[in-house]
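As they're listed, the protein sequences go chains A and B.
The first sequence: position 31 = 139 (my numbering), numbered continuously.
The second sequence: position 249 = 1659 (my numbering), numbered continuously.
Among the hints, erroneous ones may be present.
Only some residues are given here: those of chain B computed to face chain A with a beta carbon under 8 Å [as the list claims (entries may be wrong)]:
1) 1454
2) 1600
3) 1640
Beta-carbon label-pair distances, calculated as ranges [as the list claims (entries may be wrong)]:
4) A/468 / B/1570: 42 to 48 Å
5) B/1582 / A/529: 44 to 50 Å
6) B/1582 / A/285: 52 to 58 Å
7) B/1570 / A/138: 25 to 31 Å
8) A/173 / B/1582: 47 to 53 Å
9) A/383 / B/1570: 34 to 40 Å
10) B/1618 / A/291: 41 to 47 Å
11) B/1610 / A/276: 25 to 31 Å
12) A/129 / B/1587: 23 to 29 Å
13) B/1544 / A/468: 54 to 60 Å
14) B/1515 / A/468: 36 to 42 Å
15) A/287 / B/1614: 44 to 50 Å
16) B/1522 / A/129: 49 to 55 Å
17) B/1541 / A/169: 38 to 44 Å
Think of the hints as simulated: they come from the structure by calculation, not from any bench.
This structure is a prediction, so every number in the text was calculated from the model and none was measured.
In this text, a Cβ means the ideal position worked out from N, Cα and C, and glycines have one as well.
Listed below are the residues making up each chain.
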Amino acid sequence: MSRSFLGWPAFPQASEREVGNRQLRENVRRATHTIRGKRAVLAAERPDWEQLRDSAAAIKDQVLAGLEEHLLRVEEKVTAAGGTVHWARDAAEANRIVTDLVRATGEREIVKVKSMLTEEIGLDAALEAAGINARETDLAATIVQLGDDLPSHVVVPALHRNRTEIREIFAREMGRHGRPAPEGLTDDPAELAEAARLHLREKFLGAKVAVSGANFVVAETGTLVVVESEGNGRMCLTLADTLISVVGIEKTVPTWQDLEVFLQLLARNATGERMAPYTSTWTGTVDGDGPRDFHLVLVDNGRTRALADPVGRQALRCIRCGACMNTCPVYERTGGHAYGSVYPGPIGAILNPLLKGVDDSQTASLPYASTLCGACNEVCPVRIRFTDVLLDLRAQVADGGQHPVERAALGAVGAVMERPAAWKAAVKGAGLVGPLLPGRTRLPGPLGGWTENRALPDVPRESFRSWWKRNEGERA
Amino acid sequence: MPPNAPRSRTALFVTCLNDTLFPGTGRAAVTLLRRLGVEVDFPAAQSCCGQMHFNTGYRRETARLARHFVDTFADYEEIVVPSASCAGMPAESYPLAAEAAGDPGLAREVAELAPRVVELTEYLTDRLGVEQVGAYFPHRVTYHPTCHSLRATGLGERPHRLLRAVAGIDYVELPAQEECCGFGGTFSVKNPAVSGAMNGDKARHVLETGASVLAAVDNSCLMNIGGRLTRDGHPVRTLHLVEILARTERDGPLPGLPVVEAVR
Ligand code: SF4
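One chain only, chain B, in its complex shape (with noise of 0.2 Å):
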């Protein structure tokens, strides 16, 4: 084997927010993914999607790094990301950062490339084909569908239905569960008493279903709502959705969570 080519198909992007703060999404990727029979890659060289470059309008910094990522990983067939906004980032921003950094060639790897990233959630449904991934959570948990991945990812149902083959949960609908939860990547900074509001509504939502975990596909909003939980003293746990798929009856209850009765 050449020395550079990858030991699988199948690569994980793990994205920089969940290699330093959420490395148990990075985890139970590959715990799911190869339970599924997936033989997952962690190419080391890989860094940041370049969103918040992007987002805040340093479109020729994002092109950098759409050069990093596409050196990285245009060896694999399929770029799984647990993370619905990075995921997006190659197919909607990288051509506009490729032109605005006066870079053809770039936009043409990665017209090549973007469609072999999928976001996790998707790559379960679609890709793979299975909604019961034989998990197991007996908590009481809601679901949060992030901007992304509602209206720009399309995930729709899917994260729900996959939560609700989940073996012992107690799945609840969060109310008004489209609205924005005010994170924005730079607009929380930018923008703070604004997204604070909205945040604190999001945060009400939550506390009013009762449940002990909130779940998205997204970290970052994860971390935004969560936040606000914590600080005005609320025990709710925060976990990636994957976090919750890759648990089996093996695992057990989450350790300090409020055990629910089977409800299937």
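Bound conformation, chain A alone (with noise of 0.2 Å):
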């Protein structure tokens, strides 16, 4: 059965889990600093650089801002070229659509090419539950499927686990979903892609049918591209009688001249490559090449709902590349399960409340999973302002009334604040944080946790008002 997301505790309480596992920490921040470095050095040798991110930016603002126009051109081109479009308004609607189409084919195991936006509907679930195994072919997909695991980052879902995890899942697991591991296996990085190769071809080989997403699709042709590293992509793409796309709505490009834009982007920030090894294209259906069935699933599930939001929606600009959780502070000491959803990280933090909303505690805690130290906001190919996102994504968690009390506490230190006289009065007997702090080195209640790690300061004898009054005094 695989696990989900369902049900997951808020960012918090999940992410001190996490923490506390110094295995999982070690893997995650050794991941987090190698991607991070390439990726400076592939950034720093183009001068053009931040002329590229502005121009990734503005291009999708430019799609979000027409976005139905765009999408019915892409149906238009699709269909002409012998595709069929379906419409999805919600994850159920998609996984629904998914499963009629492979049910039609007869087949009972499918190949997928990773997919984000499958893991985020839970179509592996929905079709397994059809009776239908779909095998994810990615390296790190398939670690994740193999451990019966979640996905913690959205370019390498298996980034938590390191060698020695994944020649335990590869010897258990292999064997009871297709070709085993070979005896012997080593934690040899070479020889663990070797026991995958070997596993995952049978797959493709086999396969009648295939499960893609899609990184673009380029409106004036209706073509889709799919971006990778390892070329099982490419196999599914290519091998499969019927391929099935299921792609967020957001995914549009209006040209492929703004398609070359992400193409320079997109691998430097995801991979610190300076270009991805496998970038396929393909236009509906041709004769004698490729699939003869071709099907793209348009997806909403919350992306116009994201998209009504005016500082949100640039979320909805997000290429999927990682940057912003490979640079993320919390990221590397929380890794991705803490955020409960399969887009963690930074993009995580933001896009989850604006597809979901954030009425249930667990989307209200990620706008407060940050510190707004800002170090997203420098590496994001497409410029998403996430301090200003999760601010104002605060501030309608606090609207929400989510958190009475702390209104309440905030609001009364407000009235103080803003009254001279009070303030002053609170100030000299320190009568604001007095009763907390002298002779303590524990805060009371939800402040508590603050003091597992710290010593509070002392509280100075004269406050900075009173020195001042008393030395403007004398030299009145």
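If you follow the hints, you should be able to join the two separate chains into one complex; please do so.
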């Protein structure tokens, strides 16, 4: 049974568990620092880097401003090229469409190209419930699937695993799902890759149906684009008879010229490569070459909700490069699972509340899962201003009445602070902090966590304003 | 002089945290500014900029404090702030608070006032045009660029240049200095476990430098890192940058700290 993030605890609870896992922290630290370094070198070698980011953001904003028109164009072009377009309002609808399409082929085992959207909608579980076994073919996605695990990163879903753990998963699980791992498999990366290659080759060659996502859809020709490192995507996209691509409505770019901007940014940001090893494009169907049957399922699942948010809609520019999570000091300590979604890190902290709303405690906790340090703002290739969106979402959470006690407390403090006499009195008697601080080493109630890791400063005998008054009295 | 007229053109907004918990920072700012010929005033009506309210999502409450801030400082030509994150509030957050409160009048007054609010380091290097401020501090010092000062205010090398110009100082760069210390105001209260993990790494880097003083331009972050160092029993002192810059040869070494030989 595939696991899901359903009913996941709010960020403070989920992250506390992850932070305590030292192996995980070390794995995530090592992986993020490696990609971070490679990316920085490649970004620095482009003199037009900042202009590329400007263009990328502008193109995406243009698409989002006229999304309906671009999508209708996609539908028209894909249909004209021999494909079939389906529209899905939400996860359930998308899953039903895909399940019906697979059922119609009569196939029971299909292959998948890594796609975060199919993770988002829980497609594997839906197919499983219909008796269809969908096998991942990307290395990291395979590790997650074999380990009955959840993805923790948008580019490298198994980023939280080290090679010792991967070896164990392969040795234990491969045989239960097809060709077993070779005898005496070690944790040498080349051996692990070879084991995966042998295990997956059987799947590619046998599969009649493939499910993919897409990184981009070029509206002017109705062309889908998948960017990947391993070639598994290319195999699935070309060997299957039936290809079903499940794509978020925000993935559209107007023209091939626009696509050029993103292809220059994506691999540099995602994996620290100048260009991804495999960039596959396809338009409808062609007789005697590739799938004979092509379906495009366009999925909303909260995207129009996000689009209606004037500050938050910029999150829909995201091209899922993962740079924000690789650079995030919070993600580095928690890993991806703490965010309770297939979209973790800074983009997850804004995108999930935007897609789903802030009415439950899990999504409402995400905008607070940031120190507002702003490191993500500096790397995002589509210039998402995470800190602006986080602050705006916090205001939505506060307005939604999620934290009545906090609002009352801050309101009371504010009332003192805006009245000079009351504030003066409070400072004089250290009335504001006094009852909490002197002689204490732990703060009470919800502030207790703060003192787990820190000593409190001593309260000085004299406030600044008292000193000023005394000092100025002497000067006058 | 009318009773409400300010006594000088420059005001110190000391911030509520410094007023109550770090008054030495305010005293040092006054000492240093006067030494540099700036007659600084402290309007006593001032309180809090509302940063905690704003960053937690309480925009209408912030607007009330913004109104109070504008009323308190409207008559000053420049408002100097020994905290990068508080100094950023009027320009970055008050317009949004005014919008949330539906108060276009406040928004207009904020737009007029905000350009006059300036963080202390930037005031020294850019408005006064000084780097050599006549300071003496014969101790090993490292510096943490707080996130707001680094990414929002864009102080860049300014604090490092000021520190390197201090007589007698042994200045050492902090490893991984651009990484957040994990404070984040409300973050450290809502997510203490993650915050503690970040804080622990920052404290470790401070110890690697062998410095006896950690400096920064935000006492909130220093309180966070210093709290960790103290709890773990390390004698590293945390000081706002201005408390280093304010000291001269006449003050001598800071009592209780190991003195370094002149390394200039
Ligand atoms: S939000 Fe920006 S940095 Fe993060 S994954 Fe999306 S495109 Fe990349």
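### Hint numbers not upheld by this structure, sorted from lowest to highest
No hint contradicted; all consistent.
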